[in-house]
Amino acid sequence: MPKLLEQNYPCFLEVYDAYPYFIQRCDAIRYFLLYHYGGFYIDIDIEFLKPIDDLLEDYELIFSKLVGFNNAIMGSIPQDPIWTKVFEELDKRKSGRREKINPFILFGNSENYVCYSTGSILLNDCLVAEKYHEKSTVCLCPGYIFEPDLPMEINGEIVKWKDKRNSYSIHHMTGRWLLAYSKFISLIFDIYANIYWKISGLFF
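Numbering (the numbering used here), first residue to last: 1 to 204.
No false leads were slipped in.
Straight-line C-alpha distance at most 20 Å; calculated PhoX-like pairs for lysine-lysine:
| # | residue 1 | residue 2 |
| --- | --- | --- |
| 1 | LYS164 | LYS50 |
| 2 | LYS164 | LYS65 |
| 3 | LYS162 | LYS50 |
| 4 | LYS131 | LYS85 |
| 5 | LYS65 | LYS162 |
| 6 | LYS85 | LYS135 |
| 7 | LYS65 | LYS135 |
| 8 | LYS65 | LYS131 |
| 9 | LYS65 | LYS160 |
What the hints contain is simulated information worked out from the structure, not anything from laboratory work.
Starting from the given sequences, assemble the full structure and let the hints guide the process.
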(Lines of atoms letter the chains of each structure in order from A and count residues from 1; the text may use other names and numbers.)
(Lines give C-alpha, C1' and ligand atoms only; values in the text may rest on other atoms or scores of the structure.)
Protein backbone atom coordinates (compact mmCIF):
# COMPACT_ATOMS: atom_id res chain seq x y z
CA MET A 1 0.00 0.00 0.00
CA PRO A 2 2.78 2.54 0.67
CA LYS A 3 3.69 2.21 -3.03
CA LEU A 4 0.39 3.88 -3.89
CA LEU A 5 1.47 6.84 -1.79
CA GLU A 6 5.05 6.80 -3.04
CA GLN A 7 3.98 6.85 -6.68
CA ASN A 8 0.95 9.12 -6.49
CA TYR A 9 0.79 11.00 -3.17
CA PRO A 10 4.39 11.36 -1.95
CA CYS A 11 3.58 14.51 0.01
CA PHE A 12 1.57 12.39 2.48
CA LEU A 13 4.29 9.80 3.10
CA GLU A 14 5.85 11.70 5.99
CA VAL A 15 2.51 11.84 7.80
CA TYR A 16 1.77 8.18 7.00
CA ASP A 17 5.14 6.93 8.24
CA ALA A 18 4.93 9.00 11.43
CA TYR A 19 1.69 7.49 12.70
CA PRO A 20 2.38 5.74 16.03
CA TYR A 21 -0.32 3.10 15.49
CA PHE A 22 -0.66 0.63 12.63
CA ILE A 23 -4.44 1.12 12.59
CA GLN A 24 -3.91 4.80 11.74
CA ARG A 25 -2.09 3.78 8.57
CA CYS A 26 -4.91 1.33 7.81
CA ASP A 27 -7.44 4.13 8.25
CA ALA A 28 -5.53 6.59 6.10
CA ILE A 29 -4.78 4.26 3.20
CA ARG A 30 -8.44 3.31 2.76
CA TYR A 31 -9.28 6.93 1.94
CA PHE A 32 -6.52 7.10 -0.67
CA LEU A 33 -7.65 3.81 -2.22
CA LEU A 34 -11.20 5.10 -2.58
CA TYR A 35 -10.01 8.39 -4.04
CA HIS A 36 -7.61 6.73 -6.46
CA TYR A 37 -9.61 3.70 -7.62
CA GLY A 38 -13.17 4.14 -6.38
CA GLY A 39 -15.32 1.14 -5.42
CA PHE A 40 -15.98 -0.14 -1.90
CA TYR A 41 -13.82 -0.36 1.17
CA ILE A 42 -15.02 -3.02 3.64
CA ASP A 43 -13.55 -4.06 7.01
CA ILE A 44 -12.59 -7.73 7.26
CA ASP A 45 -14.99 -8.35 10.17
CA ILE A 46 -18.02 -7.54 8.00
CA GLU A 47 -20.01 -10.57 6.82
CA PHE A 48 -22.18 -10.13 3.74
CA LEU A 49 -25.71 -11.45 3.49
CA LYS A 50 -26.25 -10.48 -0.16
CA PRO A 51 -24.34 -8.77 -3.01
CA ILE A 52 -23.79 -5.01 -2.91
CA ASP A 53 -22.69 -4.59 -6.53
CA ASP A 54 -25.64 -2.41 -7.48
CA LEU A 55 -25.50 0.00 -4.54
CA LEU A 56 -23.21 2.54 -6.22
CA GLU A 57 -25.18 2.71 -9.47
CA ASP A 58 -27.30 5.71 -8.50
CA TYR A 59 -24.90 7.43 -6.10
CA GLU A 60 -21.39 8.82 -6.02
CA LEU A 61 -20.78 8.02 -2.36
CA ILE A 62 -22.20 5.55 0.15
CA PHE A 63 -21.72 5.62 3.92
CA SER A 64 -23.15 3.76 6.89
CA LYS A 65 -24.63 5.89 9.67
CA LEU A 66 -24.99 4.55 13.17
CA VAL A 67 -24.91 7.53 15.53
CA GLY A 68 -22.20 9.10 13.39
CA PHE A 69 -20.76 8.03 10.05
CA ASN A 70 -18.57 4.93 10.11
CA ASN A 71 -15.42 4.30 8.06
CA ALA A 72 -15.76 0.50 8.28
CA ILE A 73 -17.69 0.32 5.00
CA MET A 74 -17.65 3.06 2.35
CA GLY A 75 -18.36 3.32 -1.36
CA SER A 76 -17.08 6.02 -3.70
CA ILE A 77 -16.53 7.00 -7.29
CA PRO A 78 -12.88 7.80 -8.12
CA GLN A 79 -11.60 11.29 -7.27
CA ASP A 80 -14.62 12.47 -5.33
CA PRO A 81 -13.76 15.85 -3.72
CA ILE A 82 -14.67 14.72 -0.20
CA TRP A 83 -11.43 12.76 -0.03
CA THR A 84 -9.30 15.86 -0.60
CA LYS A 85 -11.02 17.36 2.44
CA VAL A 86 -10.24 14.15 4.35
CA PHE A 87 -6.58 14.34 3.26
CA GLU A 88 -6.36 17.93 4.52
CA GLU A 89 -7.85 16.92 7.85
CA LEU A 90 -5.50 13.94 8.16
CA ASP A 91 -2.60 16.36 7.92
CA LYS A 92 -4.13 18.77 10.43
CA ARG A 93 -4.77 16.02 12.97
CA LYS A 94 -1.47 14.20 12.62
CA SER A 95 0.38 13.34 15.81
CA GLY A 96 1.88 16.42 17.40
CA ARG A 97 -0.01 19.07 15.43
CA ARG A 98 -2.88 19.55 17.87
CA GLU A 99 -1.64 18.03 21.10
CA LYS A 100 -2.43 21.18 23.09
CA ILE A 101 -6.11 21.19 22.16
CA ASN A 102 -6.89 17.54 21.45
CA PRO A 103 -8.52 16.13 24.62
CA PHE A 104 -8.09 12.54 23.39
CA ILE A 105 -4.31 12.97 23.43
CA LEU A 106 -4.33 14.91 26.69
CA PHE A 107 -6.23 12.16 28.50
CA GLY A 108 -4.13 9.41 26.95
CA ASN A 109 -6.98 7.47 25.37
CA SER A 110 -5.25 5.97 22.35
CA GLU A 111 -8.42 4.48 20.82
CA ASN A 112 -10.28 7.79 20.87
CA TYR A 113 -7.18 9.49 19.53
CA VAL A 114 -7.12 7.04 16.60
CA CYS A 115 -10.79 7.70 15.84
CA TYR A 116 -10.16 11.44 16.03
CA SER A 117 -6.95 11.54 14.01
CA THR A 118 -7.72 9.04 11.23
CA GLY A 119 -10.92 7.13 11.96
CA SER A 120 -14.67 7.59 12.10
CA ILE A 121 -14.65 10.86 14.05
CA LEU A 122 -12.47 12.46 11.39
CA LEU A 123 -14.66 11.11 8.57
CA ASN A 124 -17.84 12.25 10.31
CA ASP A 125 -16.43 15.73 10.90
CA CYS A 126 -15.48 16.08 7.22
CA LEU A 127 -18.85 14.90 5.90
CA VAL A 128 -20.78 17.22 8.20
CA ALA A 129 -18.48 20.21 7.61
CA GLU A 130 -18.84 19.87 3.83
CA LYS A 131 -22.59 19.16 4.17
CA TYR A 132 -22.27 15.88 2.28
CA HIS A 133 -25.10 14.49 4.39
CA GLU A 134 -27.41 16.89 2.51
CA LYS A 135 -26.35 15.94 -1.05
CA SER A 136 -28.60 13.88 -3.30
CA THR A 137 -25.58 12.12 -4.82
CA VAL A 138 -24.65 10.66 -1.43
CA CYS A 139 -26.41 7.58 -0.05
CA LEU A 140 -26.49 7.61 3.73
CA CYS A 141 -27.50 4.11 4.73
CA PRO A 142 -29.25 3.67 8.09
CA GLY A 143 -27.20 1.46 10.38
CA TYR A 144 -29.38 -1.60 9.80
CA ILE A 145 -28.36 -1.76 6.12
CA PHE A 146 -24.75 -2.74 6.88
CA GLU A 147 -24.48 -2.92 10.66
CA PRO A 148 -27.62 -4.33 12.31
CA ASP A 149 -27.38 -5.30 15.99
CA LEU A 150 -25.32 -2.16 16.73
CA PRO A 151 -26.80 0.90 18.47
CA MET A 152 -27.91 3.44 15.86
CA GLU A 153 -29.86 6.66 15.63
CA ILE A 154 -33.24 6.27 13.92
CA ASN A 155 -35.68 9.20 13.92
CA GLY A 156 -33.87 10.85 16.80
CA GLU A 157 -33.78 7.76 19.03
CA ILE A 158 -30.92 5.37 19.79
CA VAL A 159 -32.14 1.85 19.02
CA LYS A 160 -30.92 -1.64 18.18
CA TRP A 161 -32.35 -3.09 15.00
CA LYS A 162 -32.85 -6.86 14.97
CA ASP A 163 -34.73 -7.24 11.67
CA LYS A 164 -32.11 -8.19 9.06
CA ARG A 165 -34.43 -8.64 6.07
CA ASN A 166 -33.21 -5.38 4.53
CA SER A 167 -29.60 -5.79 5.65
CA TYR A 168 -26.75 -6.34 3.23
CA SER A 169 -24.22 -7.30 5.88
CA ILE A 170 -23.43 -7.80 9.55
CA HIS A 171 -20.57 -5.99 11.27
CA HIS A 172 -19.13 -8.33 13.90
CA MET A 173 -17.01 -5.60 15.51
CA THR A 174 -14.12 -7.86 16.49
CA GLY A 175 -12.05 -4.83 17.50
CA ARG A 176 -8.78 -6.51 16.60
CA TRP A 177 -7.01 -3.16 16.54
CA LEU A 178 -7.91 -2.34 20.16
CA LEU A 179 -5.31 -2.59 22.90
CA ALA A 180 -5.76 -5.44 25.40
CA TYR A 181 -7.07 -3.27 28.25
CA SER A 182 -9.54 -1.61 25.88
CA LYS A 183 -10.85 -4.99 24.77
CA PHE A 184 -11.48 -5.87 28.41
CA ILE A 185 -13.28 -2.58 29.05
CA SER A 186 -15.27 -3.07 25.85
CA LEU A 187 -16.32 -6.56 27.02
CA ILE A 188 -17.56 -5.18 30.35
CA PHE A 189 -19.36 -2.37 28.54
CA ASP A 190 -21.05 -4.85 26.20
CA ILE A 191 -22.37 -6.84 29.16
CA TYR A 192 -23.95 -3.77 30.71
CA ALA A 193 -25.15 -2.50 27.34
CA ASN A 194 -26.92 -5.80 26.64
CA ILE A 195 -28.65 -5.57 30.01
CA TYR A 196 -29.75 -2.04 29.14
CA TRP A 197 -31.19 -3.05 25.78
CA LYS A 198 -33.09 -5.95 27.33
CA ILE A 199 -34.58 -3.69 29.98
CA SER A 200 -35.42 -0.89 27.57
CA GLY A 201 -37.06 -3.23 25.07
CA LEU A 202 -35.72 -1.22 22.13
CA PHE A 203 -35.57 -4.17 19.74
CA PHE A 204 -36.92 -4.00 16.19
